[in-house]
Structure formats: structure tokens, C-alpha cells
Amino acid sequence: MGRIALNGVTKSFGVTEVIPPLDLVIEDGEFTVFVGPSGCGKSTLLRLIAGLEDTTSGRIEIDGVDATGTPPAKRGLAMVFQSYALYPHMSVRRNIAFPLRMAGLDRAEIDRRVTEAASALNLTDHLDRRPGQLSGGQRQRVAIGRAIVREPAAFLFDEPLSNLDAALRVGMRIEISELHGRLATTMIYVTHDQVEAMTMADRIVVLRAGLIEQVGSPLELYREPRNLFVAGFIGSPRMNFIDGASAREHGAATIGVRPEHIEIDPDGPWEGRIGIGEHLGSDTFLRVHDTGLADTLTVRAGGEVGLKTGARARFRPMPDKIHRFDEGGARIG
Amino acid sequence: MATKSSRSAARVMLAPAVILLLGWMLVPLTMTLFFSFKKYLPLRGDSLERGLDWVGFANYARFISSSSFWPSVQTTLVMVGCVLAVTVVLGILLALLLDQPFWGRGVVRILVIAPFFVMPTVSALVWKNMFMDPVNGLLAHLWRFFGAEPVSWLSDASLASVIMIVSWQWLPFATLILLTAIQSLDSEQLEAAEMDGAPALGRFAHIILPHLGRAITIVILIQTIFLLSIFAEIFVTTGGAFGTRTLTYLIFQRVVDSQNIGLGSAGGVYAIILANIVAIFLMRIVGKNLDR
Numbered sequence: 000m001g002r003i004a005l006n007g008v009t010k011s012f013g014v015t016e017v018i019p020p021l022d023l024v025i026e027d028g029e030f031t032v033f034v035g036p037s038g039c040g041k042s043t044l045l046r047l048i049a050g051l052e053d054t055t056s057g058r059i060e061i062d063g064v065d066a067t068g069t070p071p072a073k074r075g076l077a078m079v080f081q082s083y084a085l086y087p088h089m090s091v092r093r094n095i096a097f098p099l100r101m102a103g104l105d106r107a108e109i110d111r112r113v114t115e116a117a118s119a120l121n122l123t124d125h126l127d128r129r130p131g132q133l134s135g136g137q138r139q140r141v142a143i144g145r146a147i148v149r150e151p152a153a154f155l156f157d158e159p160l161s162n163l164d165a166a167l168r169v170g171m172r173i174e175i176s177e178l179h180g181r182l183a184t185t186m187i188y189v190t191h192d193q194v195e196a197m198t199m200a201d202r203i204v205v206l207r208a209g210l211i212e213q214v215g216s217p218l219e220l221y222r223e224p225r226n227l228f229v230a231g232f233i234g235s236p237r238m239n240f241i242d243g244a245s246a247r248e249h250g251a252a253t254i255g256v257r258p259e260h261i262e263i264d265p266d267g268p269w270e271g272r273i274g275i276g277e278h279l280g281s282d283t284f285l286r287v288h289d290t291g292l293a294d295t296l297t298v299r300a301g302g303e304v305g306l307k308t309g310a311r312a313r314f315r316p317m318p319d320k321i322h323r324f325d326e327g328g329a330r331i332g
Numbered sequence: 000m001a002t003k004s005s006r007s008a009a010r011v012m013l014a015p016a017v018i019l020l021l022g023w024m025l026v027p028l029t030m031t032l033f034f035s036f037k038k039y040l041p042l043r044g045d046s047l048e049r050g051l052d053w054v055g056f057a058n059y060a061r062f063i064s065s066s067s068f069w070p071s072v073q074t075t076l077v078m079v080g081c082v083l084a085v086t087v088v089l090g091i092l093l094a095l096l097l098d099q100p101f102w103g104r105g106v107v108r109i110l111v112i113a114p115f116f117v118m119p120t121v122s123a124l125v126w127k128n129m130f131m132d133p134v135n136g137l138l139a140h141l142w143r144f145f146g147a148e149p150v151s152w153l154s155d156a157s158l159a160s161v162i163m164i165v166s167w168q169w170l171p172f173a174t175l176i177l178l179t180a181i182q183s184l185d186s187e188q189l190e191a192a193e194m195d196g197a198p199a200l201g202r203f204a205h206i207i208l209p210h211l212g213r214a215i216t217i218v219i220l221i222q223t224i225f226l227l228s229i230f231a232e233i234f235v236t237t238g239g240a241f242g243t244r245t246l247t248y249l250i251f252q253r254v255v256d257s258q259n260i261g262l263g264s265a266g267g268v269y270a271i272i273l274a275n276i277v278a279i280f281l282m283r284i285v286g287k288n289l290d291r
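Same order as they appear, the protein sequences are chains A and B. Start counting the first sequence at 0; every next residue gets the next number (numbering that gives the first Met the number 0). Start counting the second sequence at 0; every next residue gets the next number (numbering that gives the first Met the number 0).
No lab work stands behind these hints, which were simulated from the structure alone. Be aware that one or more of the hints could be misleading.
What the hints assert, rightly or not - Only part of the chain B face toward chain A is listed, based on derived beta-carbon distances under 8 Å:
id : residue
1  : 187
2  : 197
3  : 209
Stated by the list, open to error - Pairwise CB distance ranges, derived in the manner of DEER restraints:
id : chain 1 : residue 1 : chain 2 : residue 2 : range
4  : A       : 180       : B       : 279       : 55 to 63 Å
5  : B       : 116       : A       : 119       : 51 to 59 Å
6  : A       : 53        : B       : 212       : 55 to 63 Å
7  : B       : 92        : A       : 119       : 49 to 57 Å
Stated by the list, open to error - Some chain B residues close to chain A (C-beta under 7 Å, calculated; not the full set):
id : residue
8  : 183
9  : 190
10 : 191
11 : 193
12 : 194
13 : 195
14 : 196
The beta carbon of each residue, even a glycine, is placed where N, CA and C say it ideally should be.
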């Protein structure tokens, strides 16, 4: 069980309000990702749920029980920190066993659970090493191991992959998703990387300056971003925004078209000069200048397009993939 | 130092320092050893010009068979041990306290370090005359305020008094080293331990104390070196009376009071041996911490 409900939760540091009143329900078993630019309050929100920060006002409920004033250890949550926060003077075995020892479990039970967690995380060969002798990915797994042995109601992850190199990050992303599939425990995951959010989440909470901009499944956010901020934040490369006359033609202050929804078409309505092309093999992202629409237009083309830098080409946005926004940046229709 | 020439250049440049330090240590050591085998009583007319009589191990035998030798060794060890215990324990507590955010922390930190800058002689005099004086000392006033009989600290509780004075002097050093160590502790580790269900004392025992291990080792090693040779505090307060005569002080009395340089030198050699025994024990017990 692990249903977490926030009712009108606020947090201020002195006079600065980091989180204005916020309501959010995280259902049992859900993989929720808090995503937003740095300083948007997503880590603070996680720490509020963990109990490492006190709420200024509002209620936090875990499984229907008010946990607002409950100390962190009693909330039944486990957290994986950005720095992993492993205990450097303890072996991997003692690191993983630490929460169990603190809970006063008997030796046999501790051994059983540590062995189980270690084999699930491929750490069996490293149990007697110190964290300092492990690689980044292994340390990450120890931190996760320390979290799972407690069999918590929910896992909290605070940007756990940001210290890993790109290849390892992809691997750990999949491991965490698989772990969620296996345990089916509530997980709350904080990241600034929208790719992590899109690939792992059941539900994404997009935050800006402590405010929830939108909550929804990855594809909902991709298909129907509620406002300009979400539209620009979700999707890579980011959506093209066009305002002025061509936006007004569509009855909007701003229109947005994703790079993958613009086609190269000799009869297309838009024309521009090709700038830098990023060739990824499977795709090519073209920067298009002098379109009269926006500074730069990003267009995704097929793997091998014959267009050279400096060439001119015409483009056509897919008509049903144009997002329209009003003056306030909110979605129309 | 990659190349041969840079290595030899490094040797040449280090040489003056090494030679100076070696000379600095070797000359007094050799002289001590030399005198310890001689009869050298300046008041009886012995002098280097006239040549000193070789007496073999007579000085050593006499020094160790003196009734004050073993008590002085014991006093030395008790004093060093107690000062170490007091400074390390209080140092950890003070460091924990000073690590907390509170108003005026910067000023308080400087004040805490202040005693370290007071010269040993001065601080001992201040303690002796302003605090521990049985008639006019602050402590005597305090005792009388509560209706108790003032304690004559330096005669009734002399060893404890000296330990108190020396601890007061060395506490800032321990606090300073331990405070910097505490500040280098990753706060996420403490938060992780909190999430893992460790109570405040558990976090102290399992996270903070192991983290401080190395700093505590350094405090103990450095302080021991200096504490073995405490002199001024004893000289100024009790003059070695009432069970405060350490080995260092005994040597001083043999050389200066009895004007027996040969006997004092033999005592000096014993002091070197004692210091080495203590050092070996310390390295065995706490030196392991430094390897990590």
C-alpha cells in the first residue's frame, strides 16, 4: 500500500514561498515523476513527502493516515539520494542491513533480506566491499538495495541518475522501471530530465516555481500540453513556437509544432535556409533559418536527407498536429 | 617528478632542510646520550674543559631506582590519558554544538579557539590566582555562595587541577579539528540514516562517530606528543608537589634543583623510551584509522 495525498501543502523558507498551496494525489503502485527545471521546487516537494522538511501548512496523508507531523523514519518511505548517501565506513552488506538493524530485526531475518536484495540487484559478489571500491552504477544499486529491504510503502528517488554517465543512465533507467514492474510499489521520482520522465513514468507532474503546471501520462502531456511551458518542456528536441501572422491564421496567439511533425515538402507553405544539421543516423534534426516565422525552426527529417547547409527548402506542418495557445499561453481546444 | 634530473634537483633542494632538521635533533640527542654516561655535577666543579668521568650505567640505575621514578611515570600517563579523554569527549560535544546554526556563531567559534592562543604559563597563572585560589579565587567564591567550604584546589586536588588547566588549553585544538571534520560530513548521509530509522543517538554512533575516527586519531596523536612534555603548567602551579611530578618535571628537578646533569640526561633517555612505547601503542590502537 502506498497512496500519498497532499492537501494544500505549502512550504516557505523565511519569506520566500517555495511551494504555494498544492494538491496532489499519488495512487498506490503508481510511478510518478516530478519534472521541472532546476529550482522549481520538485526536490523540496519530495523532501516534504519524505519528512526531511516540515510543511509550512497543509496536510500530507499516507494511506489515509495524516503523516504531516510524523518523523521520516515512521512514514514507511524509503529514499534514494542523488549522492547515494551510502555510509562509507560500512561494507555493502552493512549498508543494506542498516535500516533493518535500526528496526531491530533479528539476525537471520536481516541476513535473509540482505541476501535477497543483493541477488536481485546483482550485488552478491560485492557484499563485503566498501562503497568507495564500487563503481557509480554499483553504488546506485546499493542505495536502491538499502531502500528495498525495508519493504517501504513508497520509494522516493531524488535525481538518482544524474551522477551516472549516459550509457549507465539508460541501463539504470530500465532497471528501475523493471524494479517497479516487479515490486509494484508506489514510486516518486524527481528529475529535471524530461527523457527520464517520459520513459519511466506512469504519470508525470510538471512543476514550475512550485506550481503544478500539468499532471498526466507521458503521452497525454506530449499530445495535449496544457500550456506553453509544458509544451516546451516535454519533447526533445523542443517544440517550435511560432507567433505573429501565421499563428493568427490558426486563430491563436502562438502555435506550436513539434520537429517531428514538420515535413519537407516542395509545395509546403513555409520556406527557409538550412543551417546546422544534426545527423543521428536514424534521424536528422535540421535547424532552419530565415523562415520569417521564428528565429530557428527545428525539423526532424529522415535518416539521410540530401539537404546541404545553406540550401533552401520548403516545409509543411502536419495540420492535425498543430498546438494552439492563447495570449496567456494556455491551450486552445 | 617525472625525470631523473628533476628528482636529483628535488634532492638538492630538500637537502638544507633535511640537514638542518637532522642536526637540530641529532645534536641534543647525542649530547643527552653522552652526558647520561658521565658524572657531571657543575657545583662540585665538574666541567667539560676538565673532562668528565665515565660512570657507565650508574646514572641510569640511580634514576630508575629512585623512589620518585615510577610514581612520576604513572603521573605522566594518568595526566596524558585524562587530558586526552576530556579534550576528545568535550571536543566532540562542542564541535557538534558549534556545527548547529545559531545567532552569533562566528563570534562564538573565535571565542572557543581563544584559549589556545594564551601562553601556558599565563593560563596556568590565571587559573591558579583567579580561579583556584582558596581565598580569592572565583571558584572559592562560588563554593561559598552555595555555603560550601572552598576547596584548596592545588594542594587537595592537585593532579585534577593540573589536568583541568591543561584540558582547558587543549580543548580548542580538539574542537577545531573535530569541527572541521564534522563540517565535511555529507548531510545527505545523516538524512539517509534518519530515513533508515536511526534515532539521534544512533545517527551519532553509526554515522558521525565513524566519520570522526580519523580526526580523533589526529587529535590524539598530536596532543600526546605535546602532553608528554607538559612543564610550565606544573612549574607555575604546584611546582611538582602533591603528586603532580611527571617524568619531564622529575628530569627538570634532577638537572636544575639537584644540579646533576648526568642523572637528568639518563632520565631524558628514559623519557624518550617512554614516549616511544606510548607512540607504538597509539599507532597500534588508533593508527589503523589513518590507513583508510
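Results for each hint:
1. 187: 4 Å, holds
2. 197: Holds, because the Cβ-Cβ distance from residue 197 of chain B to chain A comes to roughly 5 Å (cut-off 8 Å).
3. 209: 4 Å, holds
4. A:180 / B:279: 55 to 63 Å: 58 Å, holds
5. B:116 / A:119: 51 to 59 Å: 57 Å, holds
6. A:53 / B:212: 55 to 63 Å: Violated, since residue 53 of chain A and residue 212 of chain B (Cβ atoms, about 32 Å apart) do not stay within the stated range.
7. B:92 / A:119: 49 to 57 Å: Given about 42 Å between the Cβ atoms, the range is violated.
8. 183: 12 Å, violated
9. 190: 5 Å, holds
10. 191: 4 Å, holds
11. 193: 5 Å, holds
12. 194: Holds - the Cβ of residue 194 of chain B comes within 7 Å of chain A, reaching about 5 Å at its closest.
13. 195: 4 Å, holds
14. 196: 4 Å, holds
In summary, the structure is inconsistent with hints 6, 7 and 8 from the numbered list given earlier, while agreeing with the others.
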